[in-house]
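Between the sequences and the hints, there should be enough to build the whole structure, so can you do that?
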Amino acid sequence: MDFTSGRLIECDGSASPAVGRGTAGVARSVFNFTTLVVGGGLLGWPNSFKMCGWLGGVCCLFVCCLFSETTMCLLVNLGIKCGTFSYEETCSAIWGRGGYYVITITCYLMDFGVLVTYWVALGDLVAPLAHEAFGTSDRTRIKLGLAAIMLGPSYLRNLGKIPGWSLANYGLIIFGSVSMLCMVFLPATADFARDHIEPIGESISPGFGEAVKVGMWPSLGTLAFTFCNHDSVFMIFSNLKDGTWQRWALTCKLAMWPVVLLMILTGLPMYFVLGEKVASDITTSFPNTGFMLAVRGALTVSVAMTWIYLQQVARKYLHSLVMPLLLRRALTPSESYNLTVPELLCFTTFQFSVTLVLGISTEDLGLPMALTGVFAMSLAAFIIPPCLLLTSVLRGDDVGYGRVAQAYFCMVLLFGLTSCTLGAESTLSARYD
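All letters in the sequence shown, in the order written, are residues 1 to 433 by UniProt numbering.
Because the hints were derived from the structure by calculation, they are not lab data. Keep in mind it's a predicted model, so treat the numbers as computed, not measured. Hints are all accurate, no fakes.
Straight-line distance between alpha carbons at most 20 Å, and here's what the computed EDC-like set of lysine to aspartate or glutamate pairs gives: (1) Lys-253 with Asp-242; (2) Lys-213 with Glu-276; (3) Lys-213 with Glu-425; (4) Lys-161 with Asp-242; (5) Lys-253 with Glu-69.
Next comes the structure, spelled out in structure tokens:
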């Protein structure tokens, strides 16, 4: 049974043409999507296996990718039939204005948490570079320096329309991940882990032994941080040329499943070698050699570009949340998609400043990444999309998904509910116990 396809819901009683409005082909869209899927999440890949065990981590990886891919296809399918090109408008078409605000708030909280987490990751990545170049490792000064560089590009309307940016970003990701995979086998890495990573003085113990561990929810949260990009799917789809649901399903598969392979080929061997010495940010598990500094530089550029792109996604949700309240009416499609220059300046400046302040005050990458994944991302990815489908079924709409597919999405819904409740509680308990 293919859960990514099917005849779609009649939201307005008439068929809507399943045609996107963009100019990007499938290949370019895949690269744009992949850069969002990977993003800063690659820093936590080995740690996801550490928390859950190597076999448990692989199982969580496949489950998270499968559930994410199918629900992202479901969302766009519903949007095509409803004639909507955003997550919030699709919810509004099915649930009314209440649904509009539910998803807008949810997606903004998700994006906001990711942006704060990326500031933490950027500070950790750049600290050794700043120490070598300027003699300082002060995270506050480093993040302020990065902010001065990133603020200007943050005012761009859509980084995804710049030719070649995603291909360059993907190249940086491959370079960084493959380089760390090669470096993990060097004796210098084992010596560094023994002398600088807790517990200090103990040699590395390979992670082959424990196939399954109790940290399933924190691990799933970290993986959700990588795979749950439901807030961004309509931005990618709107740039897709001849955007039928078949082309979107192909784009999803080509963007998501190669990342699974990349995680297994790079993250899993790092865990096998380093074992419990794996850090929440994998780059801190390596000595700061000249080559590792180059890797840090490449990953810094990659995460910074991804931050700017995601900031544009989050800015749209903030705009969709605030402007209807200020105008006391719903936004027109043109107003929703096209921010005026004053709106662009105000929303970008506000969001940039607040996330930067919180990013400066947060030091550990692990907790915000895991908690954002198990709560906000699970809500947007695994709860709301199945609920949209089930609402349509109960209303008697011809959704085109049979009983087997409906049962599958009920299972996804149950997983999402468990993640948002027991998963969030387990993640916090693991942090503070």
